[in-house]
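Q: Okay, here's what each chain looks like letter by letter:
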Amino acid sequence: MAEKERKTPKLDELEKGAWPSFVKEIKSAAGKNPMANDLLGQLERSYEEKIGHWKHGGIVGVLGYGGGVIGRYSDLPEEFPNVSHFHTMRINQPAGWFYTSDVLRKLCDIWEKHGSGLTNMHGSTGDMIFLGTRTDELEPIFSELTKLGFDLGGSGSDVRTPSCCCGKARCEWACYDTMALTYFLTMHYQDELHRPAFPYKWKFKMSGCPNDCVASVARADMSIIGTWRDDIQIDKSAVTEYAGKGMNIQRDVVGNCPAKCMEWDGTELKIDNKACVKCMHCINAMPKALSPGNDRGACILIGSKAPIVEGALLSSVLVPFIKLEPPYTELIDLIDRIHEVWSENGKNRERVGEFIQRVGMGNFLEAIEVEPVPEMVAHPRENPYVFYEEFFEDESEEQEESEEEK
Amino acid sequence: MAELVKVEEVADSMFTMIKDTMGQKKWKATDLTKAVLELYGDRCDKTLAKSAIRELIESGKCVYTYFGGSFIEIPHKEGAEN
Numbered sequence: 001m002a003e004k005e006r007k008t009p010k011l012d013e014l015e016k017g018a019w020p021s022f023v024k025e026i027k028s029a030a031g032k033n034p035m036a037n038d039l040l041g042q043l044e045r046s047y048e049e050k051i052g053h054w055k056h057g058g059i060v061g062v063l064g065y066g067g068g069v070i071g072r073y074s075d076l077p078e079e080f081p082n083v084s085h086f087h088t089m090r091i092n093q094p095a096g097w098f099y100t101s102d103v104l105r106k107l108c109d110i111w112e113k114h115g116s117g118l119t120n121m122h123g124s125t126g127d128m129i130f131l132g133t134r135t136d137e138l139e140p141i142f143s144e145l146t147k148l149g150f151d152l153g154g155s156g157s158d159v160r161t162p163s164c165c166c167g168k169a170r171c172e173w174a175c176y177d178t179m180a181l182t183y184f185l186t187m188h189y190q191d192e193l194h195r196p197a198f199p200y201k202w203k204f205k206m207s208g209c210p211n212d213c214v215a216s217v218a219r220a221d222m223s224i225i226g227t228w229r230d231d232i233q234i235d236k237s238a239v240t241e242y243a244g245k246g247m248n249i250q251r252d253v254v255g256n257c258p259a260k261c262m263e264w265d266g267t268e269l270k271i272d273n274k275a276c277v278k279c280m281h282c283i284n285a286m287p288k289a290l291s292p293g294n295d296r297g298a299c300i301l302i303g304s305k306a307p308i309v310e311g312a313l314l315s316s317v318l319v320p321f322i323k324l325e326p327p328y329t330e331l332i333d334l335i336d337r338i339h340e341v342w343s344e345n346g347k348n349r350e351r352v353g354e355f356i357q358r359v360g361m362g363n364f365l366e367a368i369e370v371e372p373v374p375e376m377v378a379h380p381r382e383n384p385y386v387f388y389e390e391f392f393e394d395e396s397e398e399q400e401e402s403e404e405e406k
Numbered sequence: 001m002a003e004l005v006k007v008e009e010v011a012d013s014m015f016t017m018i019k020d021t022m023g024q025k026k027w028k029a030t031d032l033t034k035a036v037l038e039l040y041g042d043r044c045d046k047t048l049a050k051s052a053i054r055e056l057i058e059s060g061k062c063v064y065t066y067f068g069g070s071f072i073e074i075p076h077k078e079g080a081e082n
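In the order they appear, the protein sequences are chains L and Z. Mapping of the first sequence onto the working numbering: position 309 corresponds to residue 309, and the numbering continues sequentially without gaps. Mapping of the second sequence onto the working numbering: position 26 corresponds to residue 26, and the numbering continues sequentially without gaps.
Don't take each hint at face value.
Partial list, derived from the structure: chain Z residues whose beta carbon lies under 8 Å from chain L [as the list claims (entries may be wrong)]:
| id | residue |
| --- | --- |
| 1 | Trp27 |
| 2 | Arg54 |
| 3 | Thr65 |
The following label-pair restraints were derived from C-beta to C-beta distances [claimed, not checked]:
| id | chain 1 | residue 1 | chain 2 | residue 2 | range |
| --- | --- | --- | --- | --- | --- |
| 4 | L | Gly17 | Z | Asp45 | 54 to 62 Å |
| 5 | Z | Lys77 | L | Gln357 | 33 to 41 Å |
| 6 | L | Lys16 | Z | Thr21 | 50 to 58 Å |
| 7 | L | Lys32 | Z | Asp20 | 29 to 37 Å |
The set of hints was computed from the structure by calculation and includes no laboratory data. Ideal Cβ placement from N, Cα and C applies to all residues, glycine included.
Given these sequences and hints, build the entire structure.
A: The structure is reproduced here in structure tokens:
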């Protein structure tokens, strides 16, 4: 059914410019979907009044699940009845965001039948975001999604849908199989993903190398970032080729090395690998000549978050290097110890990074039974944040005791 | 070690706690777990408490809600829907 065309002068401004516009897409959907049409009307009203007209949260969901549906209602239901309910659904995306065009069509068919037809591919959580449906459509949508092999993602105080870069599927720099780990964590933590049992949200994000294409260092409670322990691999002939084609290696590669661990004498590139901080700059600049070493694994960092209740945090190093291969026993043991301590002692809406700030990293490490090491730093080349005095004191006390016994 | 209580009994105790404090307190899963561990002592553990919460939710007696964080409540008419 064709909907009446709305006058939207404010929104029209957002269609101008070089970039794709969400307004254009909503207008396109509004021609055949009354929800999209009322959405245009309510949005225009919000831009006029500079007030949001959504009410958020509540009790909506599918039976047995505590996540995956974010309740949303209009506070102008008489004026815009088709968006009186406008719930968001998060759909667990495949690791690395790989789809067939056939399955994308089927997903869109489900959403056009039961919802507004508007999607966000993908949300900052990594999920497919289906924008706008009514409460009584939630179970039918869930049923059709599960028949298609899809499940809801996380929301609320649960494990959020784990997400990763494309890893070894398309990137030669991946230091571990991010997609395999993401799938494993998704399946292993199904209960925690669908049944919120934590003080607040918990996000895993997996990046295959320190380029960190999924920005895990800024967003994930646990960032698992690929790295290597041995030397950067150098293809000398490719370095010569770069120089021959006019690359200013001294200025653009050596000069930009944050660790100052490279030398270029005009013919040979030397790297002091012990001083390398794995920033990836040189590898990004000369991808044909340089690549990560062969002894690959990951660095586990903890505690980042975007500003919601309190300010933003970047994650900091918890485990400097770990080999990540199935069955991931060491990793799961570590995660479970962290969950145990945080669940037991965290306050409502306290992310693990905020919890660590409150109790202190030393106490946190002790509680999760991880020994402090000098690599536990917030930034490369920084002093470690663990104070060692108490350990020195413990050691000297032990020495004194053993000497007394002698 | 003492014999563990039945999952249904723990679920019933949780339900009573939620019902008796409705409108005054919102229960998170961790709060309910701590409360039943205190109530039953060594006759209950975290695994049992987790199963009891699942029983509560899957029976439809309680639902998960979201008000800033996730809580477990008795189903009621959605306030925001009004």
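Q: Does each hint hold? Answer for all of them.
A: Hint check:
1. Trp27: The hint is violated - tryptophan 27 of chain Z has no Cβ within 8 Å of chain L, the shortest such distance being about 11 Å.
2. Arg54: Because about 7 Å separates arginine 54 of chain Z from the closest Cβ in chain L, which is inside the 8 Å limit, the hint holds.
3. Thr65: Since chain L brings a Cβ to about 5 Å from threonine 65 of chain Z, closer than 8 Å, the hint holds.
4. L:Gly17 to Z:Asp45: 54 to 62 Å: holds (59 Å)
5. Z:Lys77 to L:Gln357: 33 to 41 Å: holds (39 Å)
6. L:Lys16 to Z:Thr21: 50 to 58 Å: Once the Cβ atoms are compared, 54 Å apart, the range 50 to 58 Å for threonine 21 of chain Z and lysine 16 of chain L holds.
7. L:Lys32 to Z:Asp20: 29 to 37 Å: violated (50 Å)
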